[in-house]
Amino acid sequence: NAGVTQTPKFQVLKTGQSMTLQCAQDMNHNSMYWYRQDPGMGLRLIYYSASEGTTDKGEVPNGYNVSRLNKREFSLRLESAAPSQTSVYFCASRRGYSGNTIYFGEGSWLTVV
Amino acid sequence: SQQGEEDPQALSIQEGENATMNCSYKTSINNLQWYRQNSGRGLVHLILIRSNEREKHSGRLRVTLDTSKKSSSLLITASRAADTASYFCATDPQETSGSRLTFGEGTQLTVNP
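Those protein sequences? They're chains A and B, same order as listed. Heads up, the first sequence stops at 121 in the working numbering, and the numbers go up one at a time, no gaps. Heads up, the second sequence stops at 426 in the working numbering, and the numbers go up one at a time, no gaps.
Among these hints, one or two may not hold up.
As the list claims (entries may be wrong) - Looking from chain A toward chain B, a few residues come up when the C-beta cut is under 8 Å (computed):
(1) M49
(2) G50
(3) Y56
(4) V68
(5) G71
(6) F98
(7) G107
(8) F112
(9) E114
Calculated directly from the structure, the hints in this document are not laboratory data. We treat Cβ as the ideally placed atom computed from N, Cα and C, and that holds for glycine.
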């Protein structure tokens, strides 16, 4: 089991460019998440997907879009990157909903210049 | 704003001492979880406590939950240098569908050898 795999690990973008962060999990989990973590800060929820075919906004959705492509994959897209989106992005998943452990990927370091 | 807020923001202790971190939250919850993050890595689950539990143990970890005060504490006994990491609490609010897990800003623990 690879767990939660996200790509790319590092990316530098110019302001205004677009990119997609990919995430896949092989644990047959229903729920998937995208968080961002700024230096010295906690995680803020961008979007989540409670099941295949559904997505919901989290705390900081502006500037992002997501796609739950199938049960395994949940992608995060930045349509027009801004320096304020420089951050570390974490994908996560868990079985079912409340009360279950959430499993994280290793993070994607994104710098927007 | 963050559902969970950890206190203190940073804690530095000597190996062998106990470390206590606190978490406060705002809304009613189904459960509360504690996670650990080593520098530059994803978060790893430590322990979960349900809203009807008051205390839980796992190895050197002891978690308490006071729902009347909307607070939790994580105690690490006999700390080791390898415990150096950031520790986050995460909550599943009752009023959501149960999918939305939100994190606090974390406590940075440094254990000096």
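Hint check results:
no.: 1; hint: M49; in the structure: holds, 6 Å
no.: 2; hint: G50; in the structure: holds, 4 Å
no.: 3; hint: Y56; in the structure: holds, 6 Å
no.: 4; hint: V68; in the structure: violated, 11 Å
no.: 5; hint: G71; in the structure: violated, 19 Å
no.: 6; hint: F98; in the structure: holds, 6 Å
no.: 7; hint: G107; in the structure: holds, 5 Å
no.: 8; hint: F112; in the structure: holds, 3 Å
no.: 9; hint: E114; in the structure: holds, 5 Å
In terms of the numbered hints stated before, the structure departs from hints 4, 5, listed from lowest to highest.
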